[in-house]
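Top line first, the protein sequences correspond to chains P and L.
Everything in the first sequence is counted per this note's numbering, starting at 146 for the first residue and increasing by one.
Everything in the second sequence is counted per this note's numbering, starting at 137 for the first residue and increasing by one.
Heads up, some of the hints might be wrong.
Short, incomplete list of chain L residues facing chain P, as computed with Cβ under 10 Å [as the list claims (entries may be wrong)]:
| no. | residue |
| --- | --- |
| 1 | Val170 |
| 2 | Val172 |
| 3 | Arg266 |
Pairwise CB distance ranges (calculated) [claimed, not checked]:
| no. | chain 1 | residue 1 | chain 2 | residue 2 | range |
| --- | --- | --- | --- | --- | --- |
| 4 | L | Val263 | P | Met218 | 42 to 48 Å |
| 5 | P | Leu451 | L | Leu203 | 39 to 45 Å |
| 6 | P | Asn187 | L | Pro199 | 30 to 36 Å |
| 7 | P | Asn187 | L | Val179 | 27 to 33 Å |
| 8 | L | Phe237 | P | Gly271 | 34 to 40 Å |
| 9 | P | Val420 | L | Pro188 | 28 to 34 Å |
Which stretches of chain P does chain L cover? Using the computed rule of at least three CB atoms under 8 Å from a CB of chain L, they are [to be verified]:
| no. | segment |
| --- | --- |
| 10 | 232–242 |
| 11 | 286–300 |
| 12 | 393–403 |
| 13 | 428–439 |
Rather than coming from a laboratory, the hints here were simulated on the basis of the structure.
Since the structure is predicted, the reported quantities are computational estimates derived from the model, not experimental observations.
Every residue, glycine too, gets a C-beta built ideally from N, C-alpha and C.
These are the residues of each chain, in order.
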Amino acid sequence: MLYYVFGRLAAAIPTLLIVSVFIFGLVHLAPGDPAVLIAGDNANPEQVAQIRERLHLDRALPVQFGIWFGHAMQFDLGASVYSGKPVTELIAQRIEPTFLLAGYTILLTVLIAVPLGTIAAWKANGWIDRLVMAFSVAGFSVPVFATSYLLIYVFAVELRWFPVQGYKPLANGPWNTLVSLTLPSVALALVFSALIARVTRAAVLEVLQENFIRTLRAKGLGTARILIVHVLKAAGVPIVTVIGIGIAALIGGVVVTESVFNIPGIGRLTVDAIVRRDYPVVQGIILFFSALLILINLVVDLSYALFDPRVRG
Amino acid sequence: MAVTDIRHTPARRANPAMDMGVQALRFLKSHPEVTVTLGLILVMASIGLLAPWIAGDPAAIDPADRLRPPSAEHRLGTDHLGRDVAARLIHGTRNSMAVGFAVAAIASLVGIAVGVYAGFSRIGGAVVMRLNDAMMSIPAVLLAIALASLMAQGLTAVIVAITIPEIPRMVRVVRALVLGVRAQPYLSAAVSIGTRGLPLVLRHVIPNMMGPVLVQATYACASAIIAAAVLSFLGVGTSPEIPSWGGMMADARSQFRLHPTLMLYPGLALSALVLLVNILGDRLSDAIDPRKARKGAL
Chain P
146 MLYYVFGRLA
156 AAIPTLLIVS
166 VFIFGLVHLA
176 PGDPAVLIAG
186 DNANPEQVAQ
196 IRERLHLDRA
206 LPVQFGIWFG
216 HAMQFDLGAS
226 VYSGKPVTEL
236 IAQRIEPTFL
246 LAGYTILLTV
256 LIAVPLGTIA
266 AWKANGWIDR
276 LVMAFSVAGF
286 SVPVFATSYL
296 LIYVFAVELR
306 WFPVQGYKPL
316 ANGPWNTLVS
326 LTLPSVALAL
336 VFSALIARVT
346 RAAVLEVLQE
356 NFIRTLRAKG
366 LGTARILIVH
376 VLKAAGVPIV
386 TVIGIGIAAL
396 IGGVVVTESV
406 FNIPGIGRLT
416 VDAIVRRDYP
426 VVQGIILFFS
436 ALLILINLVV
446 DLSYALFDPR
456 VRG
Chain L
137 MAVTDIRHTP
147 ARRANPAMDM
157 GVQALRFLKS
167 HPEVTVTLGL
177 ILVMASIGLL
187 APWIAGDPAA
197 IDPADRLRPP
207 SAEHRLGTDH
217 LGRDVAARLI
227 HGTRNSMAVG
237 FAVAAIASLV
247 GIAVGVYAGF
257 SRIGGAVVMR
267 LNDAMMSIPA
277 VLLAIALASL
287 MAQGLTAVIV
297 AITIPEIPRM
307 VRVVRALVLG
317 VRAQPYLSAA
327 VSIGTRGLPL
337 VLRHVIPNMM
347 GPVLVQATYA
357 CASAIIAAAV
367 LSFLGVGTSP
377 EIPSWGGMMA
387 DARSQFRLHP
397 TLMLYPGLAL
407 SALVLLVNIL
417 GDRLSDAIDP
427 RKARKGAL
């Protein structure tokens, strides 16, 4: 077990290193002088020279990367060109709505998609199955901003159950936060559920054909108990894996949704930074999300041990 | 590895190109659902191609006729600059189609080249897959937004920005297929009679994995169309003067409360096209692997 944990950890580190090189190269190998790029359109030559010196842009590229990566490992991602604030501080300030939105979405997704996928597999080729699969294809196809506006129109403009946009911080009471994040989370969960329902159905279908299911039936266990206790435990590995992989897509969705619902999270920070050509911030955010993703998938890998005793071996 | 219907029979026949055409026709004839979906997509593509002849000027601004409801002159009304919504909608088809097809084609070509290499070379393959995994841990939409913002605004920038995050997925699929084909007896047979190198790859490996690659390319096309709309919606896509569905939705944001239909039409068009492409992918996948289809899909 310990060997497995260390093996996974050791594999995550080179991945993070490659990602860092790539993100670093993104801005530095792009056509044009990065100092001019970072300084923006309105900068004078002195400012450009200043930036070049401050960011060590006069050094060789590998040295630059070494300096940048060394700082990044100490949670120093440089400063915003626009506001001068440290990038880590900007991310930290905006982390609350983004994490709550993502967490709420994952919770809704698991509550919607896992039961739907399980029932679809149990009643394979029946009308419920067809309906769930139709929903799944539709969920893949309708872009999240289209769903968002549809939800806003029905539940905020017409029915007035939820606010049209905006975010209420946790400090003002968790209930208001929950209300303000419901429409964006539902919009994201509809897309995310499409993926998870499909995978759950496939995984459960696979398990239902195993011999031990027949044994359980022969023992006289009820269908509900077999499905909930035994099948879902066996189907857990692929489902959790895809939730982990799907978080990459979820992050993209969060960027769009925060922009639609005017939520001051990391997604909005990204879009604002892109519009302002604030590359240290863009670089920092991509590195942050990629590291987060690697970490999540590491946790997912480690959770296999929970579902599958063979992994512990 | 399932044997695909799009089999390549080696040079015994006189004209391999015609042979493939006949096979493709036979495939379409025996899979009516694929044919119908493909037909509907081709109808939308032709609407896009014929846009200059069947729709009015999408860029004509008419400040006196802003935000008008549908009329005989403007079948779907006008937007906040008095432009004809129907014309913009029809012209927007081209943008989505161009990005979808270009990304699917480029990602497939690069993905096949890299994936085949990774499937055959042991050490090189390990290195490529490491890089590939690392690339896949960068959120695709985020990477596309950053890439698009780094390049000069335009269709090429959008296509490149969306293709780069799409390639690792294709590489992963192709490599898995190559490993599958390599384990097949017909490959050992080909190798044993002295086929190696490029002829081996072109004649035996690539033809035998085209089915699943085509399915993956279809999904890449669908996700590229959405990604292009996201880029336009966030303001880093093609220039706002070129009509695109994502750009129309971005324009509609400020009018949303009073004129929700401005958001609805491009949203519906976008969803319909992506839905068709995704259904095509599912149908192709079922046609190629009937075992999976029997387990039930849509």
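The hints, checked one at a time:
1. Interface hint status for L:Val170: violated, as the beta-carbon distance to the closest one in chain P is roughly 15 Å, over 10 Å.
2. Taking 10 Å as the C-beta cut-off, the interface hint given for L:Val172 is violated, the closest approach to chain P being about 15 Å.
3. Hint on L:Arg266 holds. Least Cβ distance to chain P is approximately 7 Å, under the 10 Å limit.
4. Our hint of 42 to 48 Å for L:Val263 and P:Met218 is violated, since their Cβ atoms are close to 24 Å apart.
5. Checking the proposed 39 to 45 Å range against P:Leu451 and L:Leu203 shows it is violated: the Cβ atoms sit about 57 Å from each other.
6. In this structure the hint that P:Asn187 and L:Pro199 lie 30 to 36 Å apart at CB holds, the actual value being about 31 Å.
7. Between P:Asn187 and L:Val179 the Cβ separation comes to about 49 Å, which falls outside the hinted range of 27 to 33 Å.
8. The given range of 34 to 40 Å is respected by L:Phe237 and P:Gly271, whose C-beta atoms sit roughly 37 Å from each other.
9. Against the hinted window of 28 to 34 Å, the Cβ-Cβ separation of P:Val420 and L:Pro188 comes to about 32 Å, which satisfies the hint.
10. Look at the segment 232–242 of chain P against chain L: 0 of its residues bring a Cβ nearer than 8 Å to a Cβ of that chain, fewer than three, so the hint is violated.
11. Coverage of a stretch by a chain is defined here by at least three residues with a beta carbon nearer than 8 Å to that chain's beta carbons; for the segment 286–300 of chain P and chain L the count is 9, and the condition holds.
12. Counting residues of the segment 393–403 of chain P whose CB falls under 8 Å from any CB of chain L gives 7; the rule of at least 3 is met.
13. Counting residues of the segment 428–439 of chain P whose beta carbon lies closer than 8 Å to any beta carbon of chain L gives 6, which meets the minimum of three for the stated coverage.
Comparing the model with each earlier hint shows violations of hints 1, 2, 4, 5, 7 and 10; every other hint is respected.
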